[in-house]
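There are 2 protein chains.
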Amino acid sequence: MLIKGASLLRDGGLCQDMDIMIEAGHIVRIGERLKAEDDLVIDAKKMLAIPGLVNAHTHLAMTLFRGYADDMELMPWLQEKIWPLEARLKEEDIRWGVKLGCLEMIRMGITCYNDMYYFMDETARATKEMGLRAFLAGVIFDMRPEFLREAEPFIQRWKDDDLIRPTLGPHAIYTCSEETLIQVREIAKRHEVPVHIHLSETRREVDTFVNQRKMTPVEYMDSLDLLGPDLIAVHCIWLSPRDIGLLAKSKTTVVHTPVSNLKLASGIAPIDRLLHEGACVCLGTDGASSNNSLSIFQEMKTAAITQKNVWGPTTLMAEQVWRIATDNAYRAFGLNMGLREGAFADLVLIDLRRPWFWPATNMHSHLVYSMMGGVDTVIVNGRVLMRHGQIPGEEEIIERAQKQFLDLTSR
Amino acid sequence: MLIKGASLLRDGGLCQDMDIMIEAGHIVRIGERLKAEDDLVIDAKKMLAIPGLVNAHTHLAMTLFRGYADDMELMPWLQEKIWPLEARLKEEDIRWGVKLGCLEMIRMGITCYNDMYYFMDETARATKEMGLRAFLAGVIFDMRPEFLREAEPFIQRWKDDDLIRPTLGPHAIYTCSEETLIQVREIAKRHEVPVHIHLSETRREVDTFVNQRKMTPVEYMDSLDLLGPDLIAVHCIWLSPRDIGLLAKSKTTVVHTPVSNLKLASGIAPIDRLLHEGACVCLGTDGASSNNSLSIFQEMKTAAITQKNVWGPTTLMAEQVWRIATDNAYRAFGLNMGLREGAFADLVLIDLRRPWFWPATNMHSHLVYSMMGGVDTVIVNGRVLMRHGQIPGEEEIIERAQKQFLDLTSR
Numbered sequence: 063m064l065i066k067g068a069s070l071l072r073d074g075g076l077c078q079d080m081d082i083m084i085e086a087g088h089i090v091r092i093g094e095r096l097k098a099e100d101d102l103v104i105d106a107k108k109m110l111a112i113p114g115l116v117n118a119h120t121h122l123a124m125t126l127f128r129g130y131a132d133d134m135e136l137m138p139w140l141q142e143k144i145w146p147l148e149a150r151l152k153e154e155d156i157r158w159g160v161k162l163g164c165l166e167m168i169r170m171g172i173t174c175y176n177d178m179y180y181f182m183d184e185t186a187r188a189t190k191e192m193g194l195r196a197f198l199a200g201v202i203f204d205m206r207p208e209f210l211r212e213a214e215p216f217i218q219r220w221k222d223d224d225l226i227r228p229t230l231g232p233h234a235i236y237t238c239s240e241e242t243l244i245q246v247r248e249i250a251k252r253h254e255v256p257v258h259i260h261l262s263e264t265r266r267e268v269d270t271f272v273n274q275r276k277m278t279p280v281e282y283m284d285s286l287d288l289l290g291p292d293l294i295a296v297h298c299i300w301l302s303p304r305d306i307g308l309l310a311k312s313k314t315t316v317v318h319t320p321v322s323n324l325k326l327a328s329g330i331a332p333i334d335r336l337l338h339e340g341a342c343v344c345l346g347t348d349g350a351s352s353n354n355s356l357s358i359f360q361e362m363k364t365a366a367i368t369q370k371n372v373w374g375p376t377t378l379m380a381e382q383v384w385r386i387a388t389d390n391a392y393r394a395f396g397l398n399m400g401l402r403e404g405a406f407a408d409l410v411l412i413d414l415r416r417p418w419f420w421p422a423t424n425m426h427s428h429l430v431y432s433m434m435g436g437v438d439t440v441i442v443n444g445r446v447l448m449r450h451g452q453i454p455g456e457e458e459i460i461e462r463a464q465k466q467f468l469d470l471t472s473r
Numbered sequence: 063m064l065i066k067g068a069s070l071l072r073d074g075g076l077c078q079d080m081d082i083m084i085e086a087g088h089i090v091r092i093g094e095r096l097k098a099e100d101d102l103v104i105d106a107k108k109m110l111a112i113p114g115l116v117n118a119h120t121h122l123a124m125t126l127f128r129g130y131a132d133d134m135e136l137m138p139w140l141q142e143k144i145w146p147l148e149a150r151l152k153e154e155d156i157r158w159g160v161k162l163g164c165l166e167m168i169r170m171g172i173t174c175y176n177d178m179y180y181f182m183d184e185t186a187r188a189t190k191e192m193g194l195r196a197f198l199a200g201v202i203f204d205m206r207p208e209f210l211r212e213a214e215p216f217i218q219r220w221k222d223d224d225l226i227r228p229t230l231g232p233h234a235i236y237t238c239s240e241e242t243l244i245q246v247r248e249i250a251k252r253h254e255v256p257v258h259i260h261l262s263e264t265r266r267e268v269d270t271f272v273n274q275r276k277m278t279p280v281e282y283m284d285s286l287d288l289l290g291p292d293l294i295a296v297h298c299i300w301l302s303p304r305d306i307g308l309l310a311k312s313k314t315t316v317v318h319t320p321v322s323n324l325k326l327a328s329g330i331a332p333i334d335r336l337l338h339e340g341a342c343v344c345l346g347t348d349g350a351s352s353n354n355s356l357s358i359f360q361e362m363k364t365a366a367i368t369q370k371n372v373w374g375p376t377t378l379m380a381e382q383v384w385r386i387a388t389d390n391a392y393r394a395f396g397l398n399m400g401l402r403e404g405a406f407a408d409l410v411l412i413d414l415r416r417p418w419f420w421p422a423t424n425m426h427s428h429l430v431y432s433m434m435g436g437v438d439t440v441i442v443n444g445r446v447l448m449r450h451g452q453i454p455g456e457e458e459i460i461e462r463a464q465k466q467f468l469d470l471t472s473r
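So the protein sequences, as listed, match chains A and B. According to the numbering used here, the first sequence is numbered sequentially starting from 63. According to the numbering used here, the second sequence is numbered sequentially starting from 63.
Just so you know, these hints were derived from the structure itself, not from any lab. Please note that a few of the clues may not be correct.
Remember, identical chains collapse to one label, so a pair may be satisfied in a single copy or spanning two.
To be verified - When the alpha-carbon atoms are kept at most 25 Å apart in a straight line, the in silico SDA-like pairs for lysine to any residue are as follows:
id	residue 1	residue 2
1	K143	V372
2	K465	G74
3	K66	Q464
4	K108	E457
5	K152	I92
6	K66	R415
7	K107	C77
8	K108	R449
9	K465	D224
10	K97	S239
11	K108	H450
12	K108	Q452
13	K311	R265
Take the sequences, apply the hints, and build the full model.
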């Protein structure tokens with residue numbers, strides 16, 4: 063496959079009329095006037111090529127709950143709305159929720175996501191059919207001890223897949239005992255897989271823990287030897303200065319989910335401070351039931367402007383936000399990604415003939431602050447998932463998801 | 063013109079397969095199975111029809127500065143970047159900046175905007191060519207006394223136009239003397255036009271004023287008899303409880319611009335409190351140089367989630383936000399708008415075959431929290447400005463705007 067005539071971001075400017083050759087799921091050459099070696103040529107004139115975006119935290123099957131319950135306090139929302147639905151979930155619900163979510167992520171230029179939820183084999187199968195990459199963890203908590211027992215076999219089933227990478231998903235420190243977390247750590251070490259956990263999301267969670275244990279949730283994770291590059295710690299809103307130092311020094315991956323955090327009134331994570339201390343920060347959407355979108359573009363802008371409002375207008379400059387959404391995520395998840403030879407052919411073409419990309423001043427600024435659409439083509443592992451805004455089978459997936467939602471809510 | 067088979071929002075649900083007949087710039091009938099009386103039939107199957115959105119505060123020509131300067135402190139941004147450009151502005155810059163901004167607003171379903179800037183005759187002409195409605199004020203401040211002298215003739219030139227409504231634009235209380243504001247008030251009364259002003263935007267502005275005058279900016283406006291339904295007060299971030307009461311009781315229009323306020327680190331306006339007291343709140347984007355988008359959908363979501371984070375998750379429910387963006391704006395600007403017989407034919411068709419509108423749970427929630435594109439058709443005053451995402455002349459406008467930006471910055 064040859065992508066012809068694309069614009070690339072290089073050193074803050076645009077490098078025009080570049081060709082990208084793809085073979086066996088990888089970028090094999092980037093240059094000018096390359097010759098096509100097979101039939102598939104994608105005209106990318108007036109298109110910007112970017113490497114795919116990573117959604118570093120979501121619960122994708124919950125896309126099936128989008129709009130089902132909003133504007134509620136956290137506990138009634140969970141107890142009256144979300145948990146009763148989740149108690150009735152079947153594989154078929156997961157299938158169509160995941161596929162509906164994949165449609166939206168493809169449209170937003172996301173080629174890889176990191177998930178924690180139920181029925182992860184079905185999530186993996188549906189994701190592979192859609193063609194995306196994913197890091198998947200079955201959620202683990204003590205109320206359902208079988209979830210921990212199922213974790214290792216899940217890893218064994220999926221560890222050699224080309225698109226799916228199995229991980230471990232202890233839900234949180236208040237739903238998993240110390241013993242569970244230690245077992246998770248041992249499985250993670252044995253299989254060299256990341257651990258994905260919600261950490262320090264609400265003030266109440268942190269206050270309660272500190273009162274009981276005389277240490278913060280982050281200090282607790284440190285005491286269990288769980289901090290480090292293989293920990294994906296999501297939210298991290300209520301941090302002490304010492305917590306910030308621990309997360310940064312240990313190179314723990316911190317996933318910032320600003321839209322969901324605001325919508326649930328959880329607070330604004332101290333991202334400026336974390337970056338200042340050298341932490342690896344990535345961006346995630348959280349589930350569509352608490353966002354209700356799956357767009358890393360929206361998270362980039364929301365992250366930047368909310369941090370500015372707290373720390374001042376020079377905080378989180380556009381190019382830095384772009385790097386957080388791309389390079390930081392690739393590094394954190396060990397993804398061989400970027401627009402360079404040898405990298406995965408996971409890339410996105412954005413139509414620059416949209417008014418929000420003009421005038422041509424600063425493409426990082428346009429991508430972070432102005433982008434309002436124009437994702438034209440999405441390629442993952444060398445496979446074209448969307449071309450000219452068309453995703454094969456989209457209408458059927460939407461219909462099936464709608465049917466499945468009605469089935470779930472009348473069950 | 064007949065729009066066939068659209069879905070309409072009615073009492074929180076969707077009313078499907080409805081036809082909308084348009085004649086002489088107005089909606090003349092809404093019903094089922096209407097017969098076309100002329101040739102133009104617009105198929106709206108699987109489309110949601112909404113009345114057009116109003117951008118209640120912008121500086122549209124500044125779209126030409128998009129991405130030119132971001133991530134700076136307010137004063138260096140103005141002094142080093144914005145003011146030097148503005149000092150060199152010519153009519154031709156305004157023309158292409160406005161047209162570029164109109165393209166984006168059409169794509170975002172905005173059919174009417176409220177503006178304050180320079181060269182407003184050119185702004186009016188460019189807007190009319192693009193086909194949008196606008197409330198336009200030449201900015202007034204004491205450093206350029208001729209701007210006040212030009213205000214009344216501008217009103218007289220445009221007061222009978224079908225799309226343009228002239229208004230008065232005193233910039234702010236710290237750039238206009240009391241005498242200027244009193245003259246503005248007298249011209250406004252004489253011609254029955256609204257007054258559009260920036261008010262209580264930064265903490266420094268309010269603190270400085272209170273120190274000097276022993277009253278708040280809102281109290282000062284009250285003392286000058288300027289509060290009321292004909293005042294469009296933009297930002298209103300730093301308000302005392304008494305200010306909130308004054309704005310609400312006087313029925314002053316408060317324009318909330320949450321994205322720009324966050325990006326410039328100005329703060330979060332107490333919208334929940336204003337609404338609680340009965341104030342008329344609308345939404346605006348501010349200029350593309352401080353946002354950098356022109357989307358009321360983005361303002362809706364940002365307004366809702368930032369208020370929730372301050373006041374709790376039940377604040378600004380989706381339907382309420384939708385009403386603020388639509389009904390409040392129509393009332394504040396005296397616009398005969400809405401999907402009802404007799405109203406202006408200013409409406410938008412949104413393609414519901416996008417994943418973010420599914421499952422079909424709560425359309426208000428989807429419009430406020432999930433909407434990520436799909437504006438298909440925009441009609442203003444009975445004229446089709448965009449159909450199937452195509453705006454005639456768009457590519458030329460973008461090219462001309464780019465050329466004009468290069469010309470401006472090399473002048």
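Hint check results:
In this homomeric assembly, K143 and V372 come within 25 Å of each other (Cα to Cα) only across copies, at 23 Å, whereas the closest approach inside a single copy is 33 Å. Proximity of K465 and G74 under a CA criterion of 25 Å is satisfied inter-copy only: 21 Å between copies versus 46 Å inside one chain copy. Proximity of K66 to Q464 under the C-alpha cut-off of 25 Å is restricted to the inter-copy arrangement: shortest distance 24 Å between copies versus 38 Å within a copy. For the homomeric pair K108 and E457, the shortest alpha-carbon distance between copies (11 Å) is at most 25 Å, but the shortest distance inside one copy (28 Å) is not.
Taking CA atoms no more than 25 Å apart as the test, K152 paired with I92 passes in neither setting, with 45 Å inside one copy and 42 Å between copies. For the identical chains of this complex, K66 and R415 are intra-copy neighbours only, at 17 Å inside a copy versus 30 Å across copies, given an alpha-carbon limit of 25 Å. Taking identical chains as interchangeable, the C-alpha atoms of K107 and C77 lie at most 25 Å apart only when both belong to the same chain, with a minimum of 12 Å there against 42 Å between chains. When the C-alpha separation of K108 and R449 is checked against a cutoff of 25 Å, the pair qualifies both within a copy, at 15 Å, and between copies, at 22 Å.
Taking the shortest Cα distances, K465 and D224 never come within 25 Å of each other, neither inside one copy (31 Å) nor across copies (47 Å). For the homomeric pair K97 and S239, neither the shortest alpha-carbon distance inside one copy (59 Å) nor that between copies (68 Å) is at most 25 Å. For a Cα distance limit of 25 Å, the shortest separation of K108 from H450 qualifies both inside one copy, at 13 Å, and across copies, at 20 Å. In this assembly of identical chains, K108 and Q452 lie within 25 Å of each other by CA distance both inside one copy and across copies; the values are 18 Å within and 17 Å between.
Proximity of K311 to R265 under the C-alpha cut-off of 25 Å is restricted to the intra-copy arrangement: shortest distance 23 Å within a copy versus 37 Å between copies.
Hints 5, 9 and 10 from the earlier list are contradicted by this structure; the remaining hints agree with it.
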